[in-house]
Amino acid sequence: MAEVNSVSTNGGDIPWRCRQNGVIQPLLTDLYQITMAYAYWKSGKINDVTVFDLFFRKNPFGGEFTIFAGLEECLKFLQKFHYSDSDIEYLKQTLPPTIESDFFEFLRQLTAKDVTVYAIEEGSVVFPRVPLLRVDGPLIIVQLVETTLLTLVNYASLMATNAARYRMAAGKNIKLLEFGLRRAQGPDGGLSASKYSYI
79 MAEVNSVSTN GGDIPWRCRQ NGVIQPLLTD LYQITMAYAY WKSGKINDVT VFDLFFRKNP
139 FGGEFTIFAG LEECLKFLQK FHYSDSDIEY LKQTLPPTIE SDFFEFLRQL TAKDVTVYAI
199 EEGSVVFPRV PLLRVDGPLI IVQLVETTLL TLVNYASLMA TNAARYRMAA GKNIKLLEFG
259 LRRAQGPDGG LSASKYSYI
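So for the sequence shown, the working numbering puts the first residue at 79; every next one is plus one.
For the record, the hints were derived by calculation from the structure and aren't laboratory data.
Predicted, not measured: the structure shown is a model, and the values here were computed from it.
Think of the CB as a built atom: it goes at the ideal place given N, C-alpha and C, for glycine as much as any other residue.
Treat the hints with care, since some could be wrong.
[Said to hold, decoys possible] Straight-line C-alpha distance at most 30 Å; calculated BS3-like pairs for lysine-lysine:
1. 273 to 191
2. 191 to 123
3. 253 to 273
[As the list claims (entries may be wrong)] Estimated spans, in silico, between C-beta atoms of each pair:
4. 247 to 170: 49 to 55 Å
5. 243 to 165: 36 to 42 Å
6. 166 to 141: 39 to 45 Å
7. 143 to 121: 40 to 46 Å
Build the full structure now, drawing on both the sequences and the hints.
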């Protein structure tokens, strides 16, 4: 597994190929994750060391394998993880009024700097129930990033696997062209579909 330690969220330039879509941010999650984070905060468990393994249960398309993709987006997300002032205001309006104001101040300061990610190399052939990512860090942050990491890996791996299946069906001597932008769900769907088809 590749190891990425202490993912930085200092706001500097991202060293990877391109910037991340603005929709990929801390509020791209289930409200459940925020309420669980509040429960951990209330019970004093926010810094309990936690590990979560990201895996899938079945190969897509009834196939025999999956191509792992999405690692780059996961690392970018963790590097930039920070609740903006508008995120905090949204949460104040959305969560029950019984939520203590100190919790929102805590979230405002929260980053993923103490998270360590271990991962299989992007583009690898993988199988059900094999950990693709291992996320290690404080309980509260690991809880808050779970849904976003799942969506980043699941979609990317689906697209990469679909492209690999096309290649297998066409054979190695047939030239395949990718037209993801024409049929995908929105501009990001098209661009990311193109990227993961290439992987």
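The hints, checked one at a time:
1. Using a Cα cut-off of 30 Å, the hinted pair residue 273 and residue 191 holds, with the two alpha carbons roughly 27 Å apart.
2. A hinted pair counts as satisfied when its Cα atoms are at most 30 Å apart, and residue 191 with residue 123 qualifies at roughly 18 Å.
3. With a C-alpha separation of about 17 Å, the suggested pairing of residue 253 with residue 273 holds against the 30 Å cut-off.
4. A beta carbon spacing of about 52 Å between residue 247 and residue 170 agrees with the range 49 to 55 Å that was offered as a hint.
5. Judged by the Cβ atoms, the range 36 to 42 Å given for residue 243 and residue 165 holds: they are separated by roughly 38 Å.
6. Between residue 166 and residue 141, the C-beta spacing of about 43 Å keeps the proposed range 39 to 45 Å intact.
7. In this structure the hint that residue 143 and residue 121 lie 40 to 46 Å apart at CB holds, the actual value being about 41 Å.
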